[in-house]
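*Asks:* With chain A held as given, fit chain B onto it using these hints.
Chain by chain, the residues:
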Amino acid sequence: MEMTPEVMLQVKNINVYYDKLGVLWDISLDVNKGEIVAIVGSNGAGKSTLLKSISGVLHPKEGSILFGDQDITNMDPYKIVGLGISQVPEGRQLFPDMTVYENLHIGSYNKNARLHAEENLAKVYKLFPILEERKKQLAKTLSGGQQQMVAVGRGLMANPKLMIIDEMSLGLSPLIVSELFHVLHEIKTQGITILLVEQNVCQTLDEADRAYVLETGHIVMSGNANELMDEEEVINAYFGE
Amino acid sequence: MELLNDLISPIVLGTLLGGLYVVVALGLSLVFGVLKVINVAHGTLVIFGSYVAYAVASAWGIDPILWLLIGIPLFFFLGVLIEKYLLARAVSKSADAALIIAFGIALIIQNAAQIFWSPQSRSLLTDYSFNSFQVGDIYIPLVYILNFFAALIVMLVVRQFLKKTYMGQAITAASQNKGTAELMGINSKQVYQIAFGIAMAMAAIAGVFYGLTFPFNPVSGNALLIIAFGVVILGGLGSMAGTFIGGIIFGLSQTLGGYFFGPTGQLLVPFLMVLVVLTIRPQGLFGR
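These protein sequences, in sequence, are chains A and B.
Take the first sequence: its position 96, counting from 1, is numbered 96 in my numbering, and each next residue is one higher.
Take the second sequence: its position 149, counting from 1, is numbered 1149 in my numbering, and each next residue is one higher.
So that you can see chain A by itself, here it is in the shape it has in the complex (with noise of 0.2 angstroms):
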């Protein structure tokens, strides 16, 4: 018998709008304590949509979050990330005109964050050392690569407990995309929780833990990443490779 796993994140049958259009129907899903979890679908499966509502940028019409035993459901973005989630947006979204220093130290703006905040950016910058090489460009006159790592980064300077990473390989070279799961795993040992949202399947299920795929607004099939490798003639269905 395994040991029951400590449930970290969990979405209980939530129903998400905007405005009047339904996005997500009836979604659920668990994130236990040092998995890595991965939310895989085509564009425009909710994927987006879905982490919005974690995050609090949406709240779902009905339904509810859990974050621990703390609903979140109807929490402001700000407060969420003071609870331990953080996210790395789609797209990087550094702030362009902030040096790479001013960038991950921003990362450390919720208050537990900012007692750790010196000893967690020794640790981004042992996991990146270019960034310390580079800390004082303006972010905007970097490479894609180093754009995530400073993304990745600024998500591990809020000292989250669960990061929540979108799309982190988009537009990347796989070279830099395996360097970048390479750093994951390490941040995983190092004790935090990872939720991934990506549209690179193959890859992204020989990385993660469990999966849920994602189809037009719906959960699909879920289970152990592996397994659902082995499924590939169905994921085939669905994302047509």
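Keep in mind that the hints were calculated from the coordinates and are not lab data.
You may find that some hints are simply not true.
[Unchecked claim] With a Cα cut of at most 27 angstroms, we get these calculated DSSO-like pairs of lysine-lysine:
(1) 1164(B) to 140(A)
(2) 79(A) to 1093(B)
(3) 135(A) to 1163(B)
(4) 1163(B) to 111(A)
(5) 135(A) to 1164(B)
(6) 79(A) to 1036(B)
(7) 1178(B) to 161(A)
(8) 136(A) to 1178(B)
(9) 79(A) to 1084(B)
(10) 1189(B) to 61(A)
(11) 1178(B) to 111(A)
(12) 1164(B) to 136(A)
(13) 1164(B) to 20(A)
(14) 111(A) to 188(A)
*Replies:* For chain B alone, coordinates are given in the frame of chain A:
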């Protein structure tokens, strides 16, 4: 040689006067950068600062510059309240609605000022109002020097605040990407209030130094707003160094314009400069 000698005075005075415009323009630029609202009340808020200092000086004989010790926190707090209760709801809906609210604030202040202080011009007169320094052949009024140092201090303090504090960095981040700033744990509503509070505190400072330098009346703020626009356009939005240079250029072209073309040149020349910059470099000298 004779011309050069004659030019020294307008050049020195213009540069020093530019400092005053820098302080006025910084507040406008900050609110636009963070809230994305053109605060058309800013000039009138500055003049409101002049009137409050005037009222305090007439009632209790408190020196206007000394008054700033209370005036700065008071105006900051007032700015937070104005943002929280008047602007916030509009800002989240549309910039147009916020613009109209700002316009309303300006009208209310202008009319209230007419009721309380009449349409006649007032000045902040102090013991040192007519003091001046003689440097070589030219006389520099003390208030012009005070203007310039006030501008330097305001710039330095604001710059350090924006660069070195969490709240300052949050303001900078929110002005570059509001949505992502919230994902960093930044409460954007709070950031908006504080940014507007700082702009109001700058209006208090600018108001005192404007009142020490020029006579003011209830509608002086309108002309001041246009000048602040000119400065911001010259320097480029969102650049503090740009605002500084823009203010100096504006002050210089005003005094030099006055020297070469008489009183009509005083505003004509600076706005011609604005026009030229807009044509050649629409983003401003230091704009992105």
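*Asks:* For each hint given before, does the structure comply? Return the numbers of the non-compliant ones in rising order.
*Replies:* 13
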